[in-house]
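Those sequence lines, one after another, are chains A and B.
According to my numbering, the first sequence is numbered sequentially starting from 1.
According to my numbering, the second sequence is numbered sequentially starting from 1.
If you are wondering where the hints come from, they were derived from the structure by calculation, not from laboratory data.
The model shown is predicted, which means the values in this text are computed figures rather than measured ones.
Glycine is no exception: its CB is placed at the ideal position from the N, C-alpha and C atoms.
Hints should not be assumed to be uniformly reliable.
[Claimed, not checked] Below, simulated SDA-like cross-link-like pairs (lysine to any residue); rule was C-alpha separation at most 25 Å, straight line:
no.	chain 1	residue 1	chain 2	residue 2
1	A	Lys188	B	Ile82
2	A	Lys99	B	Gly238
3	A	Lys72	B	Phe285
4	A	Lys140	B	Arg141
5	A	Lys99	B	Tyr38
6	A	Lys53	B	Phe281
7	A	Lys53	B	Thr290
8	A	Lys165	A	Lys192
9	B	Lys286	A	Ser309
[To be verified] Derived CB-CB ranges, DEER-like:
no.	chain 1	residue 1	chain 2	residue 2	range
10	A	Gln29	B	Ile251	18 to 26 Å
11	B	Leu31	A	Ser360	43 to 51 Å
12	A	Tyr307	B	Thr290	16 to 24 Å
13	A	Glu271	B	Phe247	33 to 41 Å
14	B	Phe316	A	Gly305	52 to 60 Å
15	B	Phe157	A	Asp209	36 to 44 Å
16	B	Gly173	A	Lys294	34 to 42 Å
[To be verified] Not close to chain A: a few residues of chain B, all C-beta gaps over 10 Å, as computed:
no.	residue
17	Arg15
18	Tyr37
19	Arg213
So the chains spell out like this:
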Amino acid sequence: MRFRLLATAAAQLAACAGIFTACGGALAQEPIRVGAFLSVTGGAAFLGDPEQKTLELYAERVNAAGGVLGRKLQLTVYDSAGDAEKARTFAKRLIEQDKVDVLVGGSTTGETMAVVPLAEQAGVPFVSLAGAVVIIEPVKKWVFKTPHTDRMACEKIFVDMQARKLSKVALISGAGGFDKSMRGECLKVAPKYRIEVLADETYGAADTDMTAQLTKIKGTAGVQAVLNAGFGQGPAIVTRNYKQIGLALPLYQSHGVASKEFIKLAGDAAEGVRLPAAALLVADVLPDSDAQKKVVVDYKRAYEGRYKSEVSTFGGHAYDGLMLALEAVKKAGGTDKAKVRDALEGIKGYVGTGGVVNMSAQDHMGLDLTAFRMLEVRKGDWTLVK
Amino acid sequence: MSRTAPGFAQPAAHRIRGPAALALCIALLPLAFANNYYYEVAVLVGLNAITCVGLNLLVGYAGQISLGHAGFFGLGAYGSAILTARYGWPPLGALVAVTPGVAALAYLIGRPILRLKGHYLAMATLGMGVIISIVIATEDRWTGGPDGMSVPPLSVFGFTLQGERAWYWVVGGCLLLAVWLALNLIESPVGRALRALHGSEVGAEVAGIDSARAKLMVFVVSAVYASAAGSLAAHYSGFITPSKVTFFHSIELVTMVVFGGMASVFGAVAGAAVLTMLPQFLTLFKEYETVVFGAVMMGTMIFMPRGLVPSLATLFADRGPSKVPP
Numbered sequence: 001m002r003f004r005l006l007a008t009a010a011a012q013l014a015a016c017a018g019i020f021t022a023c024g025g026a027l028a029q030e031p032i033r034v035g036a037f038l039s040v041t042g043g044a045a046f047l048g049d050p051e052q053k054t055l056e057l058y059a060e061r062v063n064a065a066g067g068v069l070g071r072k073l074q075l076t077v078y079d080s081a082g083d084a085e086k087a088r089t090f091a092k093r094l095i096e097q098d099k100v101d102v103l104v105g106g107s108t109t110g111e112t113m114a115v116v117p118l119a120e121q122a123g124v125p126f127v128s129l130a131g132a133v134v135i136i137e138p139v140k141k142w143v144f145k146t147p148h149t150d151r152m153a154c155e156k157i158f159v160d161m162q163a164r165k166l167s168k169v170a171l172i173s174g175a176g177g178f179d180k181s182m183r184g185e186c187l188k189v190a191p192k193y194r195i196e197v198l199a200d201e202t203y204g205a206a207d208t209d210m211t212a213q214l215t216k217i218k219g220t221a222g223v224q225a226v227l228n229a230g231f232g233q234g235p236a237i238v239t240r241n242y243k244q245i246g247l248a249l250p251l252y253q254s255h256g257v258a259s260k261e262f263i264k265l266a267g268d269a270a271e272g273v274r275l276p277a278a279a280l281l282v283a284d285v286l287p288d289s290d291a292q293k294k295v296v297v298d299y300k301r302a303y304e305g306r307y308k309s310e311v312s313t314f315g316g317h318a319y320d321g322l323m324l325a326l327e328a329v330k331k332a333g334g335t336d337k338a339k340v341r342d343a344l345e346g347i348k349g350y351v352g353t354g355g356v357v358n359m360s361a362q363d364h365m366g367l368d369l370t371a372f373r374m375l376e377v378r379k380g381d382w383t384l385v386k
Numbered sequence: 001m002s003r004t005a006p007g008f009a010q011p012a013a014h015r016i017r018g019p020a021a022l023a024l025c026i027a028l029l030p031l032a033f034a035n036n037y038y039y040e041v042a043v044l045v046g047l048n049a050i051t052c053v054g055l056n057l058l059v060g061y062a063g064q065i066s067l068g069h070a071g072f073f074g075l076g077a078y079g080s081a082i083l084t085a086r087y088g089w090p091p092l093g094a095l096v097a098v099t100p101g102v103a104a105l106a107y108l109i110g111r112p113i114l115r116l117k118g119h120y121l122a123m124a125t126l127g128m129g130v131i132i133s134i135v136i137a138t139e140d141r142w143t144g145g146p147d148g149m150s151v152p153p154l155s156v157f158g159f160t161l162q163g164e165r166a167w168y169w170v171v172g173g174c175l176l177l178a179v180w181l182a183l184n185l186i187e188s189p190v191g192r193a194l195r196a197l198h199g200s201e202v203g204a205e206v207a208g209i210d211s212a213r214a215k216l217m218v219f220v221v222s223a224v225y226a227s228a229a230g231s232l233a234a235h236y237s238g239f240i241t242p243s244k245v246t247f248f249h250s251i252e253l254v255t256m257v258v259f260g261g262m263a264s265v266f267g268a269v270a271g272a273a274v275l276t277m278l279p280q281f282l283t284l285f286k287e288y289e290t291v292v293f294g295a296v297m298m299g300t301m302i303f304m305p306r307g308l309v310p311s312l313a314t315l316f317a318d319r320g321p322s323k324v325p326p
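Just chain A, with the same shape it has in the complex (with noise of 0.2 Å):
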């Protein structure tokens, strides 16, 4: 018995030594820092507020499971408001003041990349909530990213239009930043796949009415099927616009109005409509033997069990972050930060929310497009497309 208190005790200490170059008893204590900037208030709060809800949540159970190598997790999360400028004084005060060894955060593509700078300059590895394209292309050396980016969401709807025999599309999209870029995706992916674009529709942020551009598709000859790029109630009343004007082409839609909400706003008419959406959101009708099953189950009963509202895949996106970075720091051995980046850079068969992440030097999210699921609404609810 005393033996083997004794070689414990021996273990920890070589452990310790072999973190620290000088094992102080005071700095083995010390808390692995998690700086979190988020949009929790404001225009982007669907965003901010699930995102740090997951935060705390997980830092709590984490902590309360004893920490990440034995050392407590401390989580800041200022709420940067969906303003880039915040978001990049919150960042620079994570940084010089509070001293994180992680940032997390950023639920918009314009809050991250305001801070980009910051975290390359200052050397603190960064893993980002937003889902544009342009945060990891080219590739940063310390900017990692959890969701699909909007490419992807564009690949993922052509595949399933190629199964279909889909070729000629119209395209509708609104004037936010999300709609806008995964707009541009969409056209410059479409050629790869051989689809054809025959019309490019866009609506303005606070439009409460699309019939004059559906109208147009609908008198547009030759179109199959119509995508919409859309983010919050846009894509809503796009659904119901298309029934009232009786357009019975196939409607797509982007991971943008992944959740509930959208089929409650849409109502009857957003039956039989597809889009390309995480793991989580289907979590229950997942089968067995889906690698992600488990970690999207056990994700949705902790989150829904305690705040008694619905997951979306924003807070996914945030645990997805959380334990990578977490992850990182068990590899990395301690919270050097150029060794928490290499750790970040190396994680491969990582099973989250998201997908199952495969990082590498050329790419810093490390997702394909199995992460996505297809999935198509019947009787007001998702089912997954075969």
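Following the hints, complete the assembly by docking chain B onto the known chain A.
Same frame as chain A, now just chain B:
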């Protein structure tokens, strides 16, 4: 004395004393700064203060309203950003080219809309701000759209200005210059004309003041302040999004002016300082942040209806012989 139009016929010494005190403040503040984050907040305060000092000339002294000043800020910011990032102009050249451009635009817009008064003027400036903000958010070929665009750092003759510390001194210097110019302007005949037409436009015209010209001039000057601050802000942060061009930012700027004290140059600086720093302190309250923020605003307006600086100055003036600073 202190309650009648402040700053009337004050001795020139006041024009020196105020900026000297501000300069001393700027010079000594870094002693209290623990790290670059403090410099960052100070730079933001400085940039907002420059905009507000200009806006205060229009709102506080001339008694006009602008709910579209974020538009001028945005034009300066995006003008500099586009010329340097897309066309490879030297940043200083872009700044020198953009500022007169914005001034000319303000002149063109100001001519028709400054004929309006009260709510109508508020509506017109609001419309102007919204149009600028929509154009910036939608013309993504140039502005990068809602996701924003990167801006190269400010470089002058091969020397690149980087880091919060260097920027602190540059912005501090610009703020001093802005304050000094504003103080001189309001004590010039033009400044007296502005205050006269604030009191009574009819009275001012009877006294021989070309009120339309005076209003237009101060509108252009305040637009130039906002534009210059915008250009600096774009180069400082290295990345801009349309969130700084929105209607809400316009309101924020007017709030800073009113909060600090209308018709007080240092009031505008104080208002900008307090309202820029407040959200940083309020993170303490977590989700109640916005509530506390609102309470602070309401409390100040109820107990100091004339704004921070004038109210405090009167308080001290009642006790001692010192006069209200301009």
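For each hint, the structure was consulted:
1. A:Lys188 - B:Ile82: holds, 24 Å
2. A:Lys99 - B:Gly238: holds, 22 Å
3. A:Lys72 - B:Phe285: holds, 23 Å
4. A:Lys140 - B:Arg141: holds, 23 Å
5. A:Lys99 - B:Tyr38: holds, 14 Å
6. A:Lys53 - B:Phe281: Satisfied, since the Cα-Cα distance of roughly 22 Å is no more than 25 Å.
7. A:Lys53 - B:Thr290: holds, 18 Å
8. A:Lys165 - A:Lys192: holds, 15 Å
9. B:Lys286 - A:Ser309: holds, 21 Å
10. A:Gln29 - B:Ile251: 18 to 26 Å: violated, 47 Å
11. B:Leu31 - A:Ser360: 43 to 51 Å: holds, 48 Å
12. A:Tyr307 - B:Thr290: 16 to 24 Å: holds, 20 Å
13. A:Glu271 - B:Phe247: 33 to 41 Å: holds, 38 Å
14. B:Phe316 - A:Gly305: 52 to 60 Å: Given about 58 Å between the Cβ atoms, the range holds.
15. B:Phe157 - A:Asp209: 36 to 44 Å: violated, 55 Å
16. B:Gly173 - A:Lys294: 34 to 42 Å: Violated - the Cβ-Cβ distance for B:Gly173 and A:Lys294, about 60 Å, lies outside 34 to 42 Å.
17. Arg15: B:Arg15 is indeed farther than 10 Å from all Cβ atoms of chain A, at 33 Å.
18. Tyr37: The claim breaks: B:Tyr37 does not keep its Cβ more than 10 Å from every Cβ of chain A (closest is about 4 Å).
19. Arg213: Consistent with the label, B:Arg213 stays out of reach of chain A, its closest Cβ about 36 Å off (over 10 Å).
The structure shown violates the earlier hints numbered 10, 15, 16 and 18.
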